[in-house]
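Enquirer: Sequence:
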Amino acid sequence: MTTAITTANAASSIEPSRNPSYIPLVLSTTLRDVCLRIPLPSSLDDGELERINQRNPGWKIERGADTELEVQMIAGGAGSDIAAELLIQIGIWCKDSGGGRVRESDGTFNLRDRDGRERTRAPDVSWISPTQLAATPRAQRPRRGFWNLCPAFVIEVRSPSDTLLAQQRRMGEWLAFGAELGWLVDPLEQTVWIYRTGAEAERLAKPSSLSGEAVLPGLVIDASEVWALLDAEASEADNQDHTDHCE
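To convert a position in the sequence shown, counted from 1, into this note's numbering, add 1102.
Note that these hints are calculated values from the structure, not bench results. None of these values were measured; they are calculated from a predicted model. Each hint should be verified, as a subset may be incorrect.
[Said to hold, decoys possible] Cβ pair distances, simulated, as ranges:
| no. | residue 1 | residue 2 | range |
| --- | --- | --- | --- |
| 1 | Arg1214 | Pro1262 | 29 to 35 Å |
| 2 | Gln1242 | Gln1292 | 39 to 45 Å |
| 3 | Ala1330 | Arg1214 | 38 to 44 Å |
| 4 | Pro1319 | Gly1274 | 21 to 27 Å |
Every residue, glycine too, gets a C-beta built ideally from N, C-alpha and C.
Using the sequences and the hints, build the whole thing.
Expert: Written out as structure tokens, the structure is:
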């Protein structure tokens, strides 16, 4: 279960900064099943947030509302494999016919919610459309780091520490920020939730394929490759259990 923890509760797992120019959080792996929401004394710029993320591999650290850091464990395991598989298939489509720019989880976006508060979000996979690229001068396109736009398409992969409700709320936020299409892949239930602008979320049970619809025209994902990764992980776990019992 994903739980919110206050700064006081989490303080013992955060090393104090030796460099006053930024706050280099160093997070304990004992916190892998929680989501930290840490209030900051002042605003945090993109460079400082990037350095915090670099210092904490395995964690997704985003800027929430009201100068608040939101810290979650990256999915890892099958979740990372699923994101990589989807990234590969979308990348091939993008190169062959779709255009635009596909990003993995290091693609971070500066967003503004309906109340005008700024946030950063880093989806597991994202796609910036050719139209969005054309509207962004090359000088303003980051070679790495933070984009000042909302991607047209996002994918989030639910990790074992994420509640479904929290991830559904996150997908709703993506639509509010301006995403046109989103997929929430749930390896735990082997389902995919489709989020579209102006429509209710649609639940697909272990679909064999996924369409980019009008947002990513011509994209068809072979979802059987996604489920095969889960089957392979389950088989490895069964083999390991058998080995452990035989020893």
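Enquirer: Mind checking the hinted window 21 to 27 Å against the Cβ distance between Pro1319 and Gly1274?
Expert: Hint holds: Cβ distance 25 Å, inside 21 to 27 Å.
Enquirer: If I claimed the Cβ atoms of Arg1214 and Pro1262 lie 29 to 35 Å apart, would that claim hold in this structure?
Expert: Because 31 Å falls inside the window, the suggested range holds.
Enquirer: Using the Cβ atoms, figure out if Ala1330 sits within 38 to 44 Å of Arg1214.
Expert: For Arg1214 against Ala1330, whose Cβ atoms are near 39 Å apart, the range 38 to 44 Å holds.
Enquirer: Quick one: are Gln1242 and Gln1292 within 39 to 45 Å, going by C-beta?
Expert: 40 Å, holds
Violated hints are absent here; each numbered hint is respected by the structure.
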